[in-house]
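For this one, chain A is given, so just place chain B on it according to the hints.
Read top to bottom, the protein sequences are chains A and B. First residue of the first sequence? That's 0 in numbering that gives the first Met the number 0, and the numbers climb one at a time after it. First residue of the second sequence? That's 0 in numbering that gives the first Met the number 0, and the numbers climb one at a time after it.
For the record, the hints were derived by calculation from the structure and aren't laboratory data. You may find that some hints are simply not true.
As the list claims (entries may be wrong) - What the simulated footprint calls covered on chain B by chain A, stretch by stretch (three residues with Cβ under 8 Å from a Cβ of chain A suffice, anywhere in the stretch; the number is not a length):
id, region
1, 150 to 161
2, 175 to 189
Claimed, not checked - Derived pair list, reagent style DMTMM-like, types lysine to aspartate or glutamate, alpha-carbon separation capped at 20 Å:
id, chain 1, residue 1, chain 2, residue 2
3, B, K93, A, E758
4, A, K365, A, D354
5, A, K743, B, E171
Since we're looking at a predicted model, the values are computed, not measured. Quick reminder that beta carbons are idealized off the backbone N, C-alpha and C, glycines included.
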Amino acid sequence: MSDTRKKIVIKPFRSRLHMDQQGAQTVWNSLANAIDEIVLRNSSALSFEELYRNSYNLVIQKHGKLLYDGVTLKISSHLSTTAQNLASTPDASLLEEVSMSFDEHITTMSMVRDILMYMDRTYVETHNEKSTFIQGLHLYRTIVWEHSNVQCRVSELLLKAIADERIGELTDSRDVLKKILSMLLQIDTAENSNVYERDFADAFLGRTQEFYQMESSEFLAENSASDYVEKAKRRLEEEKLRATALALPPTTVDELQNILHTELIKRHAKTLVSMENSGFSVLLKDETKIGAMREMYDLFAKIPESLDDLRNALCDRVKEDGNALVADQERGVSDPASFVQGILKMNDRYTSIVDFAFRGEPKAKKRLKESFENFLNVDTRAASCLAVYADMLLRSSIKGASEEEVSILLNNVILVFRFISDKDVFEAFYKEHLAKRLLTGRSVSDEVEKQLVSLLKAECGYQFTSKLEGMFNDMRISRDTREAYKNYKRERSVQSKGESSVDIDVDVLTTGYWPNVKVPVCKLPQSVQSAMDNFSDFYLKKHTGRKLSWQTSTGTGEIKASFGSNGNIRTYNLIVSTYQMCILMLFNEDTELTLRQIASKTSIPDLELQRHLISLCTPKYRILRKSSKGRGISGDDDSFSINDGYKSNARRVKVPLISMSSLKDVVQNKYAADPKVGQALTSLQGSSVETLPPQLEEERRHLVEAATVRIMKARKQLHHNDLIAEVTKQLQSRFVPTPQFIKKRIEGLIEREYLERNEDDHRLYMYVA
Amino acid sequence: MFDDIADPDDDSVATMEGISKLCDHLGIDPLEDVKILVLLHKLQASSKPAQITREEWMNGCHNLGTDSINAFKALLPSLELGFMERAEFRDFFKFCFKFNLEGTHKTLDKELVVALVELTLNDRIAKDRLATFQEFLNITKDTSYNTITLDQWMSFLDFSLECPDLSQYDEEISAWPVLIDDYVDYSNGMKM
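With the rest of the complex left out, here is chain A (with noise of 0.2 Å):
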């Protein structure tokens, strides 16, 4: 009790850190308060620095359940007020005001979390407790977000939101939707729960993809392809914008995209290209709507898979294209130039439509290329209307012409020849064609022959070309020949024995390089017999051990021919062939001849005799007179003598031969039904076969063979498949075998020994030493 008398009282020393449970509510209370004034964001007349040291002594004073509990408690409650409100908040101001509440809580949770900090680092982690702030989000969460009318009604309207946004129609701004969808997000970060996607994303996804497989559809439906790629830009752009203004995580941004390219792009990929009217498939054929064709491009490229389809249209197209070239050409509708030039045509079109609309993508330029390979090489046409029309152009196209348009001519013609599998079959025509024009001197420039050959040469290698250059160099040095011939003439002032001496001039050809032609040489006339002799003897004097044979059946003569009598005779020059010489210098002895005479004088080959005596016979050239009526010779016995009465304006006439065609036709049937005259026509005629000719055929073989008895020499064993592709390997730049004819030719070494099959296993086969 007190004592009046001041006295010095010594107290004991009571350590203020004690606290019993009454001054631990104490401080509670106190604490409590200012969180309800926080609340109130009455905070300004706290101070930190009491209330952190109420609850630090609180956590020190192991009071730390009580602070926990109470804190959770109190937060709680005030939820709750917040969740009622919510609750009866109506829809249209629902989202702004949850998103309010939200920031709120935001501000009181963190000066809470400063003020309890020293409880975070301790109790909570001894106690395994959520974080305060952590804590205060998952109240939110189980309090105001799941309150059963608050969580159902605000997903409902941030899906209204986006759907009206879709429609056109006007909505609340995006701000206050970015707010909730962050909010969901932090708390999912924070608690590990998943809100966002349970009362978001998964709806928002599954609305999505329903509106857009409905709107893609029903447009299609209604509209054209150009327009529905249009409007799917559009719609792309549109949700990227809002993904974005809503700050939509990386996940739902990828799922997002997936549905919508699943549903507007890959789901209608094979409709846009093969509806009627507007599809990629009729694009392809209007040359003006390259434009569209690449904007459909840019859309199918979101789904790399669905580029199939386009390229596959492509190459449809490129095949009915190419398809139609060839039967025309078939048809007989159009000639081999007008075959390579539309081939030309073709490769422009849709290297440009590949180089503009497809972007260049090197996928599409190799299945180009294959489409062009695939209908140019279903047979050999390509290799001979190549050549036919390199052959025109040396002929005559290229007069004129400038350095830069030649050599666009010339890249052409190897343009094409590049799509060519049958490298050799194009060779041996051109070589054909080349023979004619460098004999009969038809090509326009020595020069662009050989700049021709030297392109071919780059792009096969010099075996292809070295036969070819092999004739250009015959007929130089046959020039230099003739040359050396003439001085040796003059020089012995030769006078054949007896005849008067014709002058000839002669090309010397080496029989490998030129094309074979084995006929039989005629009965020439005397004086043109001892001219060649003279060479003859002239030439083999200068290299001996060589071979001259004299090939009749091709060269022309100059006959100076008198017709007419008493007075009236009119002298001509006839330029004719070498058997059309022969068969006229016969009548100088007899005035009538027939056929058969004609034939055992002259022993010219059956069929080529009626085409040249036709050629002397025909209306505009009638320098003989036939027996018979009609265009064509009857037989044996039809026969023959100079028209007298034969005019022309010209003093030189040039006697030309009918074509083979004509020939054809005009043969009697009793010859034509002969099998042997008709593949007489068909290898006279050279060119458009469609068939491979056999001496080409048997050089394959021989290829064939040679490349694989090298390869097998090398490797000792292999097995078939890699057999097979080597060889092809080796061989594709001159033809392209097939496996089957490899086969063929393995089995014919298997004969002959050179290789063993392995008796294991029969796909392996093996080397004969």
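This is chain B only, laid out in the frame that chain A set:
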């Protein structure tokens, strides 16, 4: 024994005539019974077609332990093809081809092949395979199949054993001789 069947002009070999005589002794018909071929194979008469040399005969008899006709007769039942293992049968099959060659020819005529496969493959491969193959050879108009090579002959055997099911046959990657490819086409065409 050899003297009995030896060729009158050259007693170091026994030709088809002598072999025929042997068949008579053994009571088998050379045209219908494959056992004579099996016997010749076991005697290793492989030096030249259509004959067996005295040396081969002597060595063969020694190996087989046959010193008399009766011994041969006793041996006959064991010559059934069914008793042969795969590897041995393959050798025998090859021997049949080579033994039946004529002179310096390296191939057999189609007709002979049709008969020979009947004789040799009768119980070794599926009946319908054998039958359709013979049909195919008889019907085909491809003149390159008028004679059959050793490779084609052996391949047919290997193929029949390795590929009992033709539905999986892929001509594109097949390494069998073209004859087999054409035969499969024919056979599948029949089933359609």
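**Study point:** Restraint check for K365 of chain A with D354 of chain A, where alpha carbons must lie at most 20 Å apart
**Key:** holds, 12 Å
Exercise for review: Mind checking the alpha carbons of K743 of chain A and E171 of chain B for me, to see if they're no more than 20 Å apart?
Suggested key: Distance ~13 Å between K743 of chain A and E171 of chain B Cα, so the pair holds.
Review point. Is K93 of chain B close enough to E758 of chain A, meaning Cα to Cα at most 20 Å?
Key: Holds, at about 12 Å.
Check your understanding: Counting residues of the region 175 to 189 of chain B with a beta carbon closer than 8 Å to any beta carbon of chain A, are there 3 or more?
Key -> Holds, because 4 residues of the region 175 to 189 of chain B bring their Cβ atoms closer than 8 Å to Cβ atoms of chain A.
Check your understanding: According to a criterion of three or more residues whose C-beta lies within less than 8 Å of a C-beta of chain A, is the region 150 to 161 of chain B covered?
Key -> Since three or more residues must qualify, the claim that chain A covers the region 150 to 161 of chain B holds, with 7 doing so at under 8 Å.
Every hint, counting from the list given before, is met by this structure.
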